[in-house]
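Q: Next come the chains, spelled out residue by residue.
2 protein chains.
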Amino acid sequence: MFKYLNSGTITSIPGFKAVGLHCGLKKQKKDLAMIYSDFPAESAGTFTINKVKAAPLLVSQSIVKSDQKIRALIVNSGNANACTGEKGLNDALAIQEYCAAKFGLKNEEVLVSSTGVIGVKLNTEAIKNGIDKISLSDSLPAGHDAAEAIMTTDTKAKSFAMEVELESGKVIIGGICKGSGMIMPNMATMLAFTGTDAEIEKTFLQEIVSEAVAKSFNRISVDGDTSTNDMVILLANGASKIKITKGSDDAEKFKSALIDFYKTLAQSIVKDGEGATKFVNVIVQSAKNEKDADVIAKSIVNSPLVKTALNGADANWGRIISAAGYSGVDFDPAKVTIKIADKEIFKPGYVSHFDEDELKEILLKKDITITFDLGDGDASTEWWTCDFSKEYIEINASYRT
Amino acid sequence: MFKYLNSGTITSIPGFKAVGLHCGLKKQKKDLAMIYSDFPAESAGTFTINKVKAAPLLVSQSIVKSDQKIRALIVNSGNANACTGEKGLNDALAIQEYCAAKFGLKNEEVLVSSTGVIGVKLNTEAIKNGIDKISLSDSLPAGHDAAEAIMTTDTKAKSFAMEVELESGKVIIGGICKGSGMIMPNMATMLAFTGTDAEIEKTFLQEIVSEAVAKSFNRISVDGDTSTNDMVILLANGASKIKITKGSDDAEKFKSALIDFYKTLAQSIVKDGEGATKFVNVIVQSAKNEKDADVIAKSIVNSPLVKTALNGADANWGRIISAAGYSGVDFDPAKVTIKIADKEIFKPGYVSHFDEDELKEILLKKDITITFDLGDGDASTEWWTCDFSKEYIEINASYRT
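For the record, the sequence lines run as chains A and B.
Sequential numbering of the first sequence, starting at 2, is according to my numbering.
Sequential numbering of the second sequence, starting at 2, is according to my numbering.
Simulated from the structure, these hints should not be mistaken for laboratory data.
It cannot be assumed that every hint is accurate.
Since copy identity is lost for identical chains, a pair holds within one copy or between any two.
[As the list claims (entries may be wrong)] The list that follows gives simulated cross-link-like pairs (lysine-lysine, DSSO-like), each with its CA atoms no further than 30 Å apart: (1) K361 x K30; (2) K367 x K216; (3) K336 x K66; (4) K272 x K344; (5) K340 x K88; (6) K272 x K292; (7) K171 x K361; (8) K129 x K171; (9) K391 x K366; (10) K336 x K366; (11) K52 x K216; (12) K28 x K361; (13) K264 x K242; (14) K361 x K52; (15) K122 x K340; (16) K336 x K122; (17) K28 x K391; (18) K103 x K4; (19) K4 x K247; (20) K344 x K264; (21) K52 x K292; (22) K391 x K27; (23) K157 x K122; (24) K391 x K361.
Quick caveat: nothing in here was measured; it's all calculated off a predicted structure.
When you get a sec, could you build the whole thing from the sequences and use the hints?
A: As structure tokens, then:
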């Protein structure tokens with residue numbers, strides 16, 4: 002029903018152009034990206050629930066909430082423009098206006114976003130000079146440049162696209178994202194700018210974006226505990242002339258594809274977690290209901306003790322069950338099974354018996370699956386995290402200076 | 002009204018004896034402690050709220066809940082006896098019985114406790130051999146030996162005692178504690194075994210212990226997110242013949258002293274936090290109510306981003322306000338003042354202006370106070386934490402193996 006495209010990115014989608022360049026907020030690296038749609042696009046998005054919201058996020062959130070169609074998105078890295086008060090808001094609006102003027106758009110057709118250090122005034126002159134230099138392209142490299150320009154502590158640019166086969170024809174979903182501080186909640190800004198050439202009515206678009214985010218980015222703990230700047234945006238520009246209507250088979254197919262796409266993006270963020278050496282899949286199953294499963298999974302993926310044990314390839318299942326225990330969910334420890342890969346290391350009735358050497362070998366791998374089975378129902382969930390390494394401390398001890 | 006005693010410990014209290022020795026659960030270090038009261042003592046305590054509770058904790062909790070008076074407490078390090086099922090429970094009871102028999106006590110006069118790795122069967126033979134070797138003493142070194150014997154990743158034994166001046170005479174509060182994984186919640190077992198020679202009625206004793214724990218150990222995040230074995234015990238053996246009755250001036254004086262005593266113990270745990278290089282005092286003030294202040298303080302002291310920035314002596318106030326922002330408390334960021342020591346680095350109206358060099362010098366110190374002022378009420382609180390260092394990862398990556 003869908004397949005990922007080689008070197009896919011936001012510009013894999015018909016009618017989308019992009020650019021990524023260096024404007025001077027960072028010393029040498031690319032720090033300014035723009036995404037442009039040839040056609041007015043419906044928008045949907047999810048935004049941080051932090052009480053402290055960055056200025057550009059407030060501007061974009063109010064536009065996405067309205068009926069306004071979108072033509073462009075301008076985003077800088079190197080400065081979050083958060084906690085910058087009225088000046089910050091004026092700066093975000095000035096960037097929006099400058100960008101709109103250059104491309105002959107209305108201000109409100111341009112979304113704005115920033116990521117980087119909190120509390121430093123934005124160098125708007127540098128960004129304006131950068132906007133002057135913009136030359137948009139629909140080539141794949143242009144999309145990858147944009148992905149590069151939104152990086153902060155990310156070590157890899159993150160670009161993806163997929164082709165989705167519908168009854169009424171093929172559409173593309175594509176996008177870029179950033180965020181590498183996701184190995185713990187609250188770490189740093191997480192951004193995802195995605196698009197499609199499908200034609201989708203706004204209310205339904207928001208509905209499927211919210212659901213897809215809940216099953217992907219929010220399972221790497223980016224919602225309940227978000228930064229000041231987090232946002233996920235989906236632009237649907239209708240270039241394919243394929244209309245997706247709520248309730249249709251195509252709607253279900255598109256939604257499934259979007260959930261998979263967002264999972265891929267979310268997992269790419271975890272895999273590039275600050276200092277991460279392992280990708281960890283946490284499955285919680287046989288729970289009474291999905292909420293219980295999610296609460297336990299979140300507690301496990303956020304436990305520094307579990308994450309440091311994984312870093313040391315230590316089969317410390319006691320920390321896993323302890324994390325579940327303090328999650329607040331009511332369960333019977335005597336019914337629990339814990340598996341690492343396909344090895345049962347803790348069985349109902351508090352039975353723990355396993356080959357340490359065999360398990361060590363599994364834990365030394367880069368990709369690890371932990372299954373926590375409550376033995377008490379049929380709800381399940383899957384979350385993603387990475388280990389917690391010394392490099393993480395190093396990166397974060399001196400991020401600002 | 003009260004003063005701390007030099008080299009104070011549990012044996013500073015009249016009628017308390019102790020011992021700490023090596024029984025073989027650890028390779029060489031002391032791993033078995035006992036506290037003994039010459040007189041039957043009233044007990045009060047607080048216990049982990051983790052769903053997964055260690056066997057000895059279940060045994061002790063049910064005794065402390067009853068009217069049973071206590072004569073002794075036996076505790077081992079090196080093994081938590083948690084997640085060990087029915088065998089674990091039988092082992093805890095066997096240790097209790099063996100200890101009671103040796104000292105001519107009833108089983109239910111003996112509390113039991115364990116700390117160490119989760120999920121490994123207890124070597125009861127080693128402990129029984131250790132009990133055979135016990136020779137109790139009321140000397141100060143005996144109390145310090147007991148403190149040493151309950152250590153796990155602690156680098157220092159933690160012993161304190163204070164003399165409390167009451168209308169009706171002097172009483173002593175003393176005790177030992179352990180816990181060094183408290184630099185994040187959920188880290189490791191936190192134990193505090195404390196006593197007094199005051200005579201206090203059981204219901205009131207529990208009341209003041211609960212209040213003192215709430216204002217001390219729970220402000221280093223040991224309650225909402227506790228390990229399987231956490232407990233705080235207070236034994237009042239009445240040796241002083243000084244009776245403290247609820248509602249009296251002496252009761253207030255004793256309670257204030259106990260709160261201060263528990264804060265000292267709690268802070269000693271933070272100061273010895275795994276890999277800690279700094280002690281951090283977090284004051285949240287001018288909040289609408291105390292609950293809001295506590296929720297924000299907890300969010301700040303638990304933020305890995307704040308803690309890594311402190312490790313790097315980085316004045317990253319953006320992470321502090323972001324942590325407050327995702328705490329869930331409703332506040333106006335424009336009214337916030339943030340101080341480090343006495344320097345205001347963020348003022349109402351999003352004003353941030355400070356001398357980086359001067360601040361760096363303050364942040365390089367070992368003792369740091371962060372004040373977060375909401376400008377919106379008169380409630381306040383104070384929590385304690387430490388920084389998050391590479392050594393923390395090192396300690397926890399290979400704790401079990």
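Q: For K340 and K88, with the copy left unspecified, which applies at a CA distance of at most 30 Å: within, between, both, or neither?
A: Result: close only across copies, 22 Å inter versus 53 Å intra.
Q: Given a CA cutoff of 30 Å, do K367 and K216 count as a within-copy pair, a between-copy pair, both, or neither?
A: Within one copy only: 23 Å inside, 43 Å across.
Q: Evaluate K344 and K264 at a C-alpha cut-off of 30 Å and name the case that applies: within, between, both or neither.
A: within (26 Å within a copy, 44 Å between copies)
Q: Regarding K171 and K361, is the shortest C-alpha distance of 30 Å or less found within a copy, between copies, in both, or in neither?
A: Neither, since 46 Å and 57 Å both go past 30 Å.
Q: Regarding K28 and K361, is the shortest C-alpha distance of 30 Å or less found within a copy, between copies, in both, or in neither?
A: between (43 Å within a copy, 23 Å between copies)
Q: Measure nothing new, just compare the shortest in-copy and cross-copy C-alpha distances for K52 and K216 to 30 Å and report within, between, both or neither.
A: This pair counts as both: shortest intra-copy Cα distance 23 Å, inter-copy 27 Å.
Q: 30 Å Cα cut-off: does K28 pair with K391 within a copy, between copies, both or neither?
A: Both. Shortest intra-copy (26 Å) and inter-copy (28 Å) distances satisfy the 30 Å Cα cut-off.
Q: How would you label the pair K52, K292 (within, between, both, or neither) given a Cα cut-off of 30 Å?
A: Both: 24 Å inside a copy, 17 Å across copies.
Q: Within a copy, between copies, both or neither: which one fits K336 and K66 at a CA-CA cutoff of 30 Å?
A: between (46 Å within a copy, 27 Å between copies)
Q: Using 30 Å as the alpha-carbon threshold, which applies to K129 and K171: within, between, both, or neither?
A: Close neither inside one copy (38 Å) nor across copies (74 Å); limit 30 Å.
Q: Check K391 against K27 for me: Cα-Cα at most 30 Å, and say if that holds within a copy, between copies, both or neither.
A: both (25 Å within a copy, 27 Å between copies)
Q: Between the shortest in-copy and the shortest cross-copy C-alpha distance, which are at most 30 Å for K361 and K52: within, between, both, or neither?
A: For K361 and K52, only the inter-copy Cα distance (28 Å) is at most 30 Å; the intra-copy one is 43 Å.
In the structure shown, a violation is registered for the earlier hints numbered 7, 8, 18, in ascending order.
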